[in-house]
Every structure is written in C-alpha cells, then in structure tokens.
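Undergrad: Numbering (the numbering used here), first residue to last: 59 to 346.
Be aware that a few hints might be false.
[Claimed, not checked] In silico lysine-lysine, DSSO-like type, Cα no more than 30 Å apart, as pairs:
| id | residue 1 | residue 2 |
| --- | --- | --- |
| 1 | Lys126 | Lys254 |
| 2 | Lys287 | Lys254 |
| 3 | Lys111 | Lys165 |
| 4 | Lys280 | Lys178 |
| 5 | Lys286 | Lys137 |
| 6 | Lys254 | Lys280 |
| 7 | Lys299 | Lys341 |
| 8 | Lys178 | Lys165 |
| 9 | Lys289 | Lys137 |
| 10 | Lys178 | Lys126 |
| 11 | Lys154 | Lys137 |
| 12 | Lys243 | Lys318 |
| 13 | Lys126 | Lys271 |
| 14 | Lys111 | Lys158 |
| 15 | Lys280 | Lys243 |
| 16 | Lys286 | Lys299 |
| 17 | Lys318 | Lys137 |
| 18 | Lys254 | Lys241 |
| 19 | Lys289 | Lys341 |
| 20 | Lys154 | Lys111 |
| 21 | Lys178 | Lys158 |
| 22 | Lys286 | Lys318 |
| 23 | Lys241 | Lys271 |
| 24 | Lys289 | Lys241 |
| 25 | Lys280 | Lys299 |
| 26 | Lys126 | Lys154 |
| 27 | Lys165 | Lys137 |
| 28 | Lys341 | Lys280 |
| 29 | Lys271 | Lys286 |
| 30 | Lys254 | Lys243 |
| 31 | Lys280 | Lys241 |
Honestly, the hints are just simulated from the structure, not real lab data.
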Amino acid sequence: MQCFVWNDALNIMNRFLQLRSLAFLMFYLFALSGCMQNFKFSDKAIAEYYTNKDYLPSFAFSDTLGHKIHFAFSDDSSKPLLLLIHGAPGAWFGYKEFFKDSLLLNKYQIVAPDRAGYNKSSQIATSVTLQANLLRPLIGNAQRRVIVLGRSYGAAIAAKLAMDYPDLVDELILVAPACDPQKEKFWWFSKPVNSKFARFFLPNYANWASDEKFAHRAELEKLLPDWKKVKCPVTILQGGKDWIIEPSNGAFVDSVLNTKRRFIFLPENGHLITAERYELIRKILLEL
Numbered sequence: 059m060q061c062f063v064w065n066d067a068l069n070i071m072n073r074f075l076q077l078r079s080l081a082f083l084m085f086y087l088f089a090l091s092g093c094m095q096n097f098k099f100s101d102k103a104i105a106e107y108y109t110n111k112d113y114l115p116s117f118a119f120s121d122t123l124g125h126k127i128h129f130a131f132s133d134d135s136s137k138p139l140l141l142l143i144h145g146a147p148g149a150w151f152g153y154k155e156f157f158k159d160s161l162l163l164n165k166y167q168i169v170a171p172d173r174a175g176y177n178k179s180s181q182i183a184t185s186v187t188l189q190a191n192l193l194r195p196l197i198g199n200a201q202r203r204v205i206v207l208g209r210s211y212g213a214a215i216a217a218k219l220a221m222d223y224p225d226l227v228d229e230l231i232l233v234a235p236a237c238d239p240q241k242e243k244f245w246w247f248s249k250p251v252n253s254k255f256a257r258f259f260l261p262n263y264a265n266w267a268s269d270e271k272f273a274h275r276a277e278l279e280k281l282l283p284d285w286k287k288v289k290c291p292v293t294i295l296q297g298g299k300d301w302i303i304e305p306s307n308g309a310f311v312d313s314v315l316n317t318k319r320r321f322i323f324l325p326e327n328g329h330l331i332t333a334e335r336y337e338l339i340r341k342i343l344l345e346l
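Input sequences plus hints: build the corresponding full structure.
TA: Structure representation (structure tokens):
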C-alpha cells in the first residue's frame with residue numbers, strides 16, 4: 059500500500075515539474091516575443107531618430123554569393139572605414155548612435171550591415187566563414203585604413219575577416235566576444251526554445267539566432283587554428299558581469315592571439331558594453 063502511495067506521489071511531483079517547465083517556457087516565449095520587438099526599427103522610426111537629417115545614413119545592398127546584404131553607411135568614402143558587426147539577433151541599428159556622433163563621423167566612414175538573415179538581409183548563414191565572406195565586399199580595396207568592430211556573435215566574424223584578409227584589416231576591436239567554443243553558454247530552456255512548437259510562436263530573427271546558437275560551438279572550433287593568422291593590433295573588451303556569455307571569453311581571445319593586443323576587463327559591466335560604455339568605445343576609436 060505504501061509503495062502505491064509513494065508512486066502516486068512521484069507521479070504527481072513529475073506532473074507538477076512538467077507543468078512548471080511548460081509554464082516557464084510559455085512565459086519565456088511571451089517575454090521574448092515582446093522583447094524581440096525592439097529589434098524592429100521602421101523607416102519612420104529611423105527618420106524620427108535622426109531628426110538632424112545630416113546624420114541620416116544612406117542604405118544599399120551588396121549582392122554576394124547569392125545573399126543580399128543590406129547595410130547602412132555614412133557617405134564620405136575618403137575617410138578610414140569603420141565596419142560595425144552586430145550580434146545575434148540584431149541589425150545595423152544596434153549601432154544607430156554611431157551614425158549621429160559628429161566626432162566619429164569626422165574621422166570615419168561608418169558601415170553597419172545587417173548580417174545574413176537579419177532585418178533586410180536575405181537568408182540566414184550559420185557559417186562564420188561564409189558570413190565573413192559576405193561582409194568582405196563592404197571593405198573594398200586596401201587603399202585606406204580599415205577598423206573592424208564586432209560584438210558578441212559578431213566578434214568571431216570580425217576576427218575571421220582579420221584572419222582571412224590580414225592585408226585589409228588594420229585594427230580589430232572585439233566587444234563581449236563570444237569566441238571560446240568550450241564556453242558556449244546554454245540554458246535549461248535553450249533546447250525547448252529551439253523546438254518546433256516554440257519556433258512556431260517566435261519571430262524569424264529569434265529562430266535564426268537560435269540556429270546560430272546551436273551551430274556556434276562547431277564554428278568556433280573551426281577557428282581555433284586560425285587565431286594566429288591575425289596580424290593587426292586587437293582591442294578586447296569584456297564585462298565581468300556578462301550573463302549572456304561567460305566572462306572568461308575575453309581572456310580566451312587574449313590567450314590565443316599572437317599579435318599586439320590589449321585586454322580591457324570591465325568588472326562592473328555586462329554584455330551590452332557598446333551601450334553601457336559608449337564613451338569608452340568612442341575614445342578608443344578616436345585614438346586609433
């Protein structure tokens with residue numbers, strides 16, 4: 059009799075845990091769906107943001123390897139190029155404040171693409187190598203200085219550009235770099251969110267970010283032999299309170315490079331360093 063009571067209790071507990079997990083998942087999907095709306099930036103919102111029309115960027119598409127890559131850019135191509143690569147999910151407007159910074163605009167031509175699959179760019183690409191090749195045409199020829207800044211998942215792509223095109227990239231800045239394959243971070247909900255059920259409720263860019271997530275470790279492992287190919291100076295910024303990636307990622311990048319570099323550890327900052335420490339990022343860029 060006691061055995062049956064115990065089994066019934068276990069069944070009730072298992073059912074409760076299953077329902078609790080489902081409730082957490084549904085809450086996460088609802089919250090994430092709402093949060094992801096922040097990754098949409100309409101043409102009207104762009105016009106309203108750049109009230110000074112002198113700062114309004116231009117837009118174009120690069121047609122490469124069957125992908126149409128949408129990008130924003132400031133117009134003076136005689137200046138050094140600053141290429142800004144976003145994470146996952148994201149879009150060019152994650153760097154929108156850079157385009158109305160008069161000091162940066164006086165120094166650089168700023169180019170910020172939508173990575174493959176995000177915002178107005180076509181078809182997702184989970185390959186870091188392919189993504190770097192898709193952004194290569196935005197650099198053009200080697201007739202001017204090129205600074206590449208990548209943050210989060212964009213950092214590995216920025217690094218790959220420096221690995222494969224060392225004669226084109228003059229400076230590399232890696233912000234909150236998700237680059238250590240052994241430290242790729244997964245949460246208890248990572249797999250449920252990637253299920254067919256969850257993907258049905260999520261917007262495409264959230265699902266594409268999930269696709270990148272599950273391919274990322276293998277992609278980072280492919281990069282391991284290539285870090286020594288980076289020849290340009292590198293600046294690494296890592297927050298000590300980063301909960302999106304392991305804070306040890308910054309030290310990992312510092313350890314695998316064989317070039318001039320500086321590692322700036324920010325113990326009180328999280329993952330969104332370009333927002334939290336914008337003045338520091340700007341200072342670094344202006345000093346290059």
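Undergrad: Run every hint past the structure and note whether it holds.
TA: Status of the hints after comparison with the structure:
Of the pairs offered as hints, the one joining Lys126 and Lys254 holds, with about 27 Å between alpha carbons and a cut-off of 30 Å not exceeded. A C-alpha spacing of about 40 Å is found between Lys287 and Lys254, which places the hinted pair above 30 Å, so the restraint is violated. For the given pair, Lys111 sits about 19 Å from Lys165 by alpha-carbon distance, which is consistent with the 30 Å threshold. In summary, the hint linking Lys280 to Lys178 is supported, as the alpha carbons are separated by about 28 Å, within the 30 Å threshold.
Of the supplied pair hints, the one linking Lys286 and Lys137 holds, its CA atoms being roughly 29 Å apart against a limit of 30 Å. Restraint check: the Cα-Cα separation between Lys254 and Lys280 comes to about 28 Å, which is no more than 30 Å; the hinted pair holds. Restraint check for Lys299 and Lys341: satisfied, since their Cα atoms lie roughly 22 Å apart, inside the 30 Å limit. For the proposed pair Lys178 and Lys165, the alpha carbon gap of about 27 Å is at most 30 Å, so the pair holds.
In summary, the hint linking Lys289 to Lys137 is supported, as the alpha carbons are separated by about 22 Å, within the 30 Å threshold. Restraint check for Lys178 and Lys126: the C-alpha separation of about 8 Å stays at or below 30 Å, so the hint holds. About 19 Å separates the Cα atoms of Lys154 and Lys137, which keeps this hinted pair within 30 Å; it holds. Among the hinted pairs, Lys243 with Lys318 is consistent with the structure: their alpha-carbon atoms are about 28 Å apart, no more than 30 Å.
Under the criterion of a C-alpha separation no larger than 30 Å, the hint pairing Lys126 with Lys271 is consistent with the structure, at around 22 Å. For the hint linking Lys111 to Lys158, the alpha-carbon distance of about 10 Å falls within 30 Å, and the restraint holds. The suggested pairing of Lys280 with Lys243 holds, with an alpha-carbon distance near 18 Å, which does not exceed 30 Å. Between Lys286 and Lys299, the direct Cα distance comes to roughly 28 Å. Compliance with the 30 Å bound is thereby established for this hinted pair.
As the CA atoms of Lys318 and Lys137 are separated by approximately 24 Å, the hinted pair is consistent with the 30 Å bound. A C-alpha spacing of about 26 Å is found between Lys254 and Lys241, which places the hinted pair at or below 30 Å, so the restraint holds. Our distance criterion of 30 Å between C-alpha atoms is met by Lys289 and Lys341, whose separation comes to about 23 Å. Between Lys154 and Lys111 the alpha-carbon distance is near 13 Å, which keeps this suggested pair within the 30 Å criterion.
The suggested pairing of Lys178 with Lys158 holds, with an alpha-carbon distance near 21 Å, which does not exceed 30 Å. Of the supplied pair hints, the one linking Lys286 and Lys318 holds, its CA atoms being roughly 11 Å apart against a limit of 30 Å. Distance restraint check for Lys241 and Lys271: the Cα-Cα separation of roughly 12 Å lies within the 30 Å cut-off, and the hinted pair is therefore satisfied. Between Lys289 and Lys241 the CA atoms are separated by roughly 25 Å; this keeps the pair inside 30 Å, and the hint holds.
Distance restraint check for Lys280 and Lys299: the Cα-Cα separation of roughly 28 Å lies within the 30 Å cut-off, and the hinted pair is therefore satisfied. Between Lys126 and Lys154, the direct Cα distance comes to roughly 21 Å. Compliance with the 30 Å bound is thereby established for this hinted pair. Restraint check for Lys165 and Lys137: satisfied, since their Cα atoms lie roughly 7 Å apart, inside the 30 Å limit. Taken as a hint, the Lys341 and Lys280 pair is broken in the structure, with Cα atoms around 33 Å apart against an allowance of 30 Å.
The suggested pairing of Lys271 with Lys286 holds, with an alpha-carbon distance near 25 Å, which does not exceed 30 Å. Between Lys254 and Lys243, the direct Cα distance comes to roughly 21 Å. Compliance with the 30 Å bound is thereby established for this hinted pair. A threshold of 30 Å between alpha carbons decides the hint, and for Lys280 with Lys241 the separation of about 15 Å falls inside it, so the pair holds.
Of the hints listed earlier, those the structure fails to meet are numbers 2, 28, in rising order.
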